[in-house]
Amino acid sequence: RNSGVCECGVCGPGDMATKMKRKPFFLSPPSKSKDQVILKVHPLVVFSILDNYKRRDADRDFVIGIILGEVHDTPDGTVYQIKNCFPQLSKDAQGGLVFDYNYYKKMANLQKKLNPKESVIGWYSTSLEFDFVSHQIHNDIIRKDFPEPVHLIVDASLEGSKLSVDGYLGRSLRMTGKARVCQFERVKTDFTTSEAAKIALGAITTGGTDNERKSIFTPATMLSELDNLLYSLIELLHLLETVSEYVDKVNRGEEKSTQKIGSAIKDALASIPRIDMEMFTRMFNQKTENLLMILYLSNITRTQVALTNRIYEVLD
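Here this note's numbering is used: position 225 in the sequence shown is 1310, and no number is missing along the way.
Keep in mind the hints are simulated off the structure, nothing from the lab. Check before you lean on any hint, since a few could be wrong.
List of simulated lysine-lysine pairs, DSS-like, C-alpha gap at most 27 Å [said to hold, decoys possible]:
#: 1; residue 1: Lys1273; residue 2: Lys1247
#: 2; residue 1: Lys1125; residue 2: Lys1283
#: 3; residue 1: Lys1190; residue 2: Lys1176
#: 4; residue 1: Lys1190; residue 2: Lys1125
Since we're looking at a predicted model, the values are computed, not measured.
Please put together the full structure from these sequences, using the hints given.
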């Protein structure tokens, strides 16, 4: 009888550590269900997983952890928003894996207090293997807190010089009323990000000089307002050139247009206010004059304050 709980006396039910034996396992063919499952992974989650992998013990080949987020039903299917994660304490022992259940529950409750909207929706691993340990973590632990958990695999070894992130949905195969094995079906996995995360990632990738950016360990520096404006205008110009090139190819018949892309271009153009050139020039000059006046007054104030301080120093 395999209860999934270690009974060796060292990690028994007293400290709620779960020990799982490794056995051969397999993947199921892709699901043909009409209810599509889509994983939306935030980039900061991947960074956290890679950081956990980098800090692992020297004798560990992989790490595992818990992923948190929200689940929404949309017309395109069930969307899992993976927004956060935390590493899970575990260790190899006698050909199996010891899972610290107490630590898992404490961290899950703490994360729930920090952000009530996010809950445990699955777990991650940097191991590319599926075995009976995967089934036990998925069915016997995570499924107790969430009925349909997902499994995220991040290939931290960078095989083929590429970072692959794949998502799987585990479905239980039952015999005599009990879940005997878990089939993992690969599901669509995309990256998404919030506006705040875009700003942070932009600061990481564009901050500092060219020489500083050659090292990933160099702290990022925030750009000035003028530099940010310059990068935004350059990016806007690049996007306009890309759209213009696409429209020209469609007009020449070199590329087929789609209603979705056409509607997106139309909505983007409709959102731009139409202003007469003469009116725009007058508004720009007026704003420039106001800014120059504010700059002039601030310089006068600074000069008066400096002069007053100097007079007090002389009198003292």
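Results for each hint:
Simply put, Lys1273 and Lys1247 have alpha-carbon atoms about 18 Å apart, close enough for the 27 Å limit, and the pair holds. Taking the CA atoms of Lys1125 and Lys1283, the gap is about 15 Å. The hint holds against a cut of 27 Å. The hinted pair formed by Lys1190 and Lys1176 meets the criterion: a straight-line CA distance of about 17 Å does not exceed 27 Å. Distance restraint check for Lys1190 and Lys1125: the Cα-Cα separation of roughly 24 Å lies within the 27 Å cut-off, and the hinted pair is therefore satisfied.
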